[in-house]
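Colleague: Just so you know, the sequences run in chain order A and S. No gaps in the numbering here: position 15 of the first sequence is 15 in my numbering, and each next residue is one more. Take the position in the second sequence, starting the count at 1, then add 185; the result is the number in my numbering.
Certain hints may be false.
As the list claims (entries may be wrong) - Examples of chain A residues lying across from chain S (beta carbon under 10 Å, computed): (1) Gly22; (2) Ala25; (3) Ile26; (4) Pro164; (5) Thr168; (6) Lys173.
Said to hold, decoys possible - Cut-off 20 Å, straight-line C-alpha distance, at most; resulting in silico cross-link-like pairs (EDC-like, lysine to aspartate or glutamate): (7) Lys173/A / Glu341/S; (8) Lys135/A / Glu102/A; (9) Lys623/S / Asp69/A; (10) Lys582/S / Glu102/A; (11) Lys625/S / Asp96/A; (12) Lys173/A / Asp394/S; (13) Lys197/S / Glu341/S; (14) Lys625/S / Glu112/A; (15) Lys232/S / Asp293/S; (16) Lys173/A / Glu622/S; (17) Lys173/A / Glu624/S; (18) Lys578/S / Glu112/A; (19) Lys103/A / Glu624/S; (20) Lys105/A / Glu617/S; (21) Lys105/A / Glu629/S; (22) Lys93/A / Glu112/A; (23) Lys623/S / Asp557/S; (24) Lys105/A / Glu622/S; (25) Lys103/A / Asp270/S; (26) Lys625/S / Asp86/A; (27) Lys435/S / Glu341/S; (28) Lys625/S / Glu102/A; (29) Lys197/S / Asp557/S; (30) Lys615/S / Glu640/S; (31) Lys232/S / Asp282/S.
Stated by the list, open to error - Some, not all, of what chain A presents toward chain S, calculated at C-beta under 10 Å: (32) Ala9; (33) Gln50; (34) Gly52; (35) Gly55; (36) Arg57; (37) Glu61; (38) Ser114; (39) Pro126; (40) Ala129.
I should point out that these hints are in silico values taken from the structure, not numbers from a laboratory. Positions of the beta carbon are idealized from the N, C-alpha and C atoms, including for glycine.
One-letter residues, chain by chain:
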Amino acid sequence: MMMIVAIVALGALAGASGLLLGFAAIRFKIEGDPVVERIDALLPQTQCGQCGYVGCRSYAEAIAAGEADINQCPPGGQGGVAALADLLGRDPKPLDPDLGPEKPKMVAVIDEQSCIGCTLCIQACPVDAILGAAKHMHTVIARECTGCELCLAPCPVDCIHMQPISPTITTWKWVYPAAEARAAA
Amino acid sequence: MTPPFPFHGGLKTVRHKTESNRETILPGSVPERLVVPLRQHVGAIAKPLVQAGDRVLKGQMIGQPDGYVSAAVHAPTSGRVVAVDQQPVPHPSGLPDWCVTIESDGQDRWIERTPVDYQRMHPSDLRNFVRNAGVVGLGGAVFPSAVKMNLSGHCERLEQLILNGAECEPWMTCDDLIMRERAVEIVAGIHILAHLLQPREVLIGIEDDKPEAIAAMNAACSGTGYQVRPVPTRYPSGGAKQLTKLLTNKEAPVNGRSTDIGVQCFNVATAYTLHRAVAHGEPVISRIVTVTGHIAQPRNIDALLGSSFADLIARCGGYREGVERLIMGGPMMGFAMHSDGVPVTKATNCILAVGADALVEPPVMPCIRCGDCVEVCPANLLPQQLYWHARAKEFDKIQDYHLFSCIECGCCSYVCPSHIPLVQYYRYAKNEIWALEKEKQRAELARRRHQARMERLEREQREREAKLRQKAPPRAASPLDGATAGPSPAEPASAAPASIAVNVERSE
Numbered sequence: 001m002m003m004i005v006a007i008v009a010l011g012a013l014a015g016a017s018g019l020l021l022g023f024a025a026i027r028f029k030i031e032g033d034p035v036v037e038r039i040d041a042l043l044p045q046t047q048c049g050q051c052g053y054v055g056c057r058s059y060a061e062a063i064a065a066g067e068a069d070i071n072q073c074p075p076g077g078q079g080g081v082a083a084l085a086d087l088l089g090r091d092p093k094p095l096d097p098d099l100g101p102e103k104p105k106m107v108a109v110i111d112e113q114s115c116i117g118c119t120l121c122i123q124a125c126p127v128d129a130i131l132g133a134a135k136h137m138h139t140v141i142a143r144e145c146t147g148c149e150l151c152l153a154p155c156p157v158d159c160i161h162m163q164p165i166s167p168t169i170t171t172w173k174w175v176y177p178a179a180e181a182r183a184a185a
Numbered sequence: 186m187t188p189p190f191p192f193h194g195g196l197k198t199v200r201h202k203t204e205s206n207r208e209t210i211l212p213g214s215v216p217e218r219l220v221v222p223l224r225q226h227v228g229a230i231a232k233p234l235v236q237a238g239d240r241v242l243k244g245q246m247i248g249q250p251d252g253y254v255s256a257a258v259h260a261p262t263s264g265r266v267v268a269v270d271q272q273p274v275p276h277p278s279g280l281p282d283w284c285v286t287i288e289s290d291g292q293d294r295w296i297e298r299t300p301v302d303y304q305r306m307h308p309s310d311l312r313n314f315v316r317n318a319g320v321v322g323l324g325g326a327v328f329p330s331a332v333k334m335n336l337s338g339h340c341e342r343l344e345q346l347i348l349n350g351a352e353c354e355p356w357m358t359c360d361d362l363i364m365r366e367r368a369v370e371i372v373a374g375i376h377i378l379a380h381l382l383q384p385r386e387v388l389i390g391i392e393d394d395k396p397e398a399i400a401a402m403n404a405a406c407s408g409t410g411y412q413v414r415p416v417p418t419r420y421p422s423g424g425a426k427q428l429t430k431l432l433t434n435k436e437a438p439v440n441g442r443s444t445d446i447g448v449q450c451f452n453v454a455t456a457y458t459l460h461r462a463v464a465h466g467e468p469v470i471s472r473i474v475t476v477t478g479h480i481a482q483p484r485n486i487d488a489l490l491g492s493s494f495a496d497l498i499a500r501c502g503g504y505r506e507g508v509e510r511l512i513m514g515g516p517m518m519g520f521a522m523h524s525d526g527v528p529v530t531k532a533t534n535c536i537l538a539v540g541a542d543a544l545v546e547p548p549v550m551p552c553i554r555c556g557d558c559v560e561v562c563p564a565n566l567l568p569q570q571l572y573w574h575a576r577a578k579e580f581d582k583i584q585d586y587h588l589f590s591c592i593e594c595g596c597c598s599y600v601c602p603s604h605i606p607l608v609q610y611y612r613y614a615k616n617e618i619w620a621l622e623k624e625k626q627r628a629e630l631a632r633r634r635h636q637a638r639m640e641r642l643e644r645e646q647r648e649r650e651a652k653l654r655q656k657a658p659p660r661a662a663s664p665l666d667g668a669t670a671g672p673s674p675a676e677p678a679s680a681a682p683a684s685i686a687v688n689v690e691r692s693e
């Protein structure tokens, strides 16, 4: 008798817990992989594909799946590697030199005199930052350009070049105090 | 406790006020050429309304406010616009900014001036008028006054309206002189502020080393109920938060506004310009500038905005021998100029020439954790802790120590026995944090745009497939499907306009 009570009681408990867990799994379902989201948030979103993946999100997915290393993003730079290492609890490592160097921020500029209006760069731009129409001049929306350089290769007349973003009065920053840096060194 | 209620920290600094406050305000002159920056205020740069070749009259709006936090810019004299381009401006970077260059015609002819009856105006119309008159905080922060004159959403009614005449920076005497000579007009300006903000009391805080200014303001305030409150001479009593504490014993919460505690603070010179704008229809085209330091005859000048620093210095008899550095603002909070060819703006309260003898910069030594900086910090922060984190570029940790409550008054650097340029570290850290924040926003925008593009490409692909399926007999569907996968060289013309349409739509 005691045994039956115990079995029924435990069975009921197991059943109730199962229902509760089942409900929780549906009610509190997490869309997507939160680790991917957090990795993606650390990437610079240039969508340049230098890491070998199409866009930053695919690279984030590859890192999360353990297929890609954390040092494959030149635009993110060494700071980006450090942030990824911090998030994933790994040791930081130098950027993979095969994928290109870390460069200052750039913006694409179309020489509007030479542009023939072929729309190839428009199709290459991962963030739709180039404006233009077939057989009409194209131009880059500088505010939205990520500096990915993907528009350079398709251009048949080589009229696109990258320009470093020079500081303006609104983007200028106070520098790290140099005198102290010397004294501290 | 009775007022004044002392704030934490602060310093007794050298004063050097008598060099420039013994003479009256020198009336302005009209230079041949004026370079008027379009960004003379906190917020969005004014939109130029003129172009090269245009004739302008004195007081004509040449820059239109753009957005809520912005202010108008006006022609300081009549003449011809010779350029609207980038010119050197007084900024620590030495970088150029957009300016309107006006060649004076020597006639100094006013545009038609339209005073308004503020008591009959709707508050919102009055604020708009103030914004279009280019009234901004003349204490040095140049925050658009119209924004501060709007309480909606922050508090029902103001407890205290504070007029800041403390002027705690050494060397600077422009507020002292304006209170001595134009007290009646300042009080007329306070009437306008009081009408709009309906404060329970109006307090005018003046450091007690300005007896003449206190007497003049007392005389002008008699019968108005406004209280002139002398405060002890202790730097930085002129900081808005410090003066509020001194006069009311109230402190705004961290990351809060002064209106959260029912206080709003305006500089006395701002009240003066407000009165000129409302009662005389004169926009802000000049300000009082203290020209002092290593100068032949240090003095206050009523200078037209856009006059060059060199003009003003020449009117004060030129430099004395051995000037090493030119500072805009006071020695505590000001910054060095790259040249004296920059124009006077609404933020130019003081031009300080520093001689080589005063410019001894002892070598920087390591921090010994003496804690002197903590003693003097008027914002109740831990400067050495901020310093460690700024030095190590730990921008998350530094915000736990309330970096953004730092008012950059320079007290910590002043007392540091190791001569560490502490404020420079805080400025550096603030700038880096803002830049990272902007970078994050840019990345977020790029992410959204990339995602939208991917979705659009997928949709277009589906539509093409659907169209082909309709055209083709069902039997041939499968081989054709394969052919349309990937970029379709057969129809670049149709693909391109589609992407352009999306481009146009989003860029608007």
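Colleague: Evaluate each hint against the coordinates.
Modeller: We went through each hint and held it up to the structure:
| no. | hint | result |
| --- | --- | --- |
| 1 | Gly22 | 33 Å, violated |
| 2 | Ala25 | 27 Å, violated |
| 3 | Ile26 | 27 Å, violated |
| 4 | Pro164 | 15 Å, violated |
| 5 | Thr168 | 7 Å, holds |
| 6 | Lys173 | 4 Å, holds |
| 7 | Lys173/A / Glu341/S | 38 Å, violated |
| 8 | Lys135/A / Glu102/A | 35 Å, violated |
| 9 | Lys623/S / Asp69/A | 27 Å, violated |
| 10 | Lys582/S / Glu102/A | 27 Å, violated |
| 11 | Lys625/S / Asp96/A | 24 Å, violated |
| 12 | Lys173/A / Asp394/S | 37 Å, violated |
| 13 | Lys197/S / Glu341/S | 38 Å, violated |
| 14 | Lys625/S / Glu112/A | 30 Å, violated |
| 15 | Lys232/S / Asp293/S | 24 Å, violated |
| 16 | Lys173/A / Glu622/S | 13 Å, holds |
| 17 | Lys173/A / Glu624/S | 14 Å, holds |
| 18 | Lys578/S / Glu112/A | 42 Å, violated |
| 19 | Lys103/A / Glu624/S | 15 Å, holds |
| 20 | Lys105/A / Glu617/S | 15 Å, holds |
| 21 | Lys105/A / Glu629/S | 16 Å, holds |
| 22 | Lys93/A / Glu112/A | 42 Å, violated |
| 23 | Lys623/S / Asp557/S | 35 Å, violated |
| 24 | Lys105/A / Glu622/S | 16 Å, holds |
| 25 | Lys103/A / Asp270/S | 31 Å, violated |
| 26 | Lys625/S / Asp86/A | 18 Å, holds |
| 27 | Lys435/S / Glu341/S | 17 Å, holds |
| 28 | Lys625/S / Glu102/A | 18 Å, holds |
| 29 | Lys197/S / Asp557/S | 14 Å, holds |
| 30 | Lys615/S / Glu640/S | 38 Å, violated |
| 31 | Lys232/S / Asp282/S | 13 Å, holds |
| 32 | Ala9 | 51 Å, violated |
| 33 | Gln50 | 15 Å, violated |
| 34 | Gly52 | 17 Å, violated |
| 35 | Gly55 | 6 Å, holds |
| 36 | Arg57 | 8 Å, holds |
| 37 | Glu61 | 14 Å, violated |
| 38 | Ser114 | 19 Å, violated |
| 39 | Pro126 | 5 Å, holds |
| 40 | Ala129 | 7 Å, holds |
Checked against the numbered hints listed earlier, the structure breaks hints 1, 2, 3, 4, 7, 8, 9, 10, 11, 12, 13, 14, 15, 18, 22, 23, 25, 30, 32, 33, 34, 37 and 38; every other hint is satisfied.
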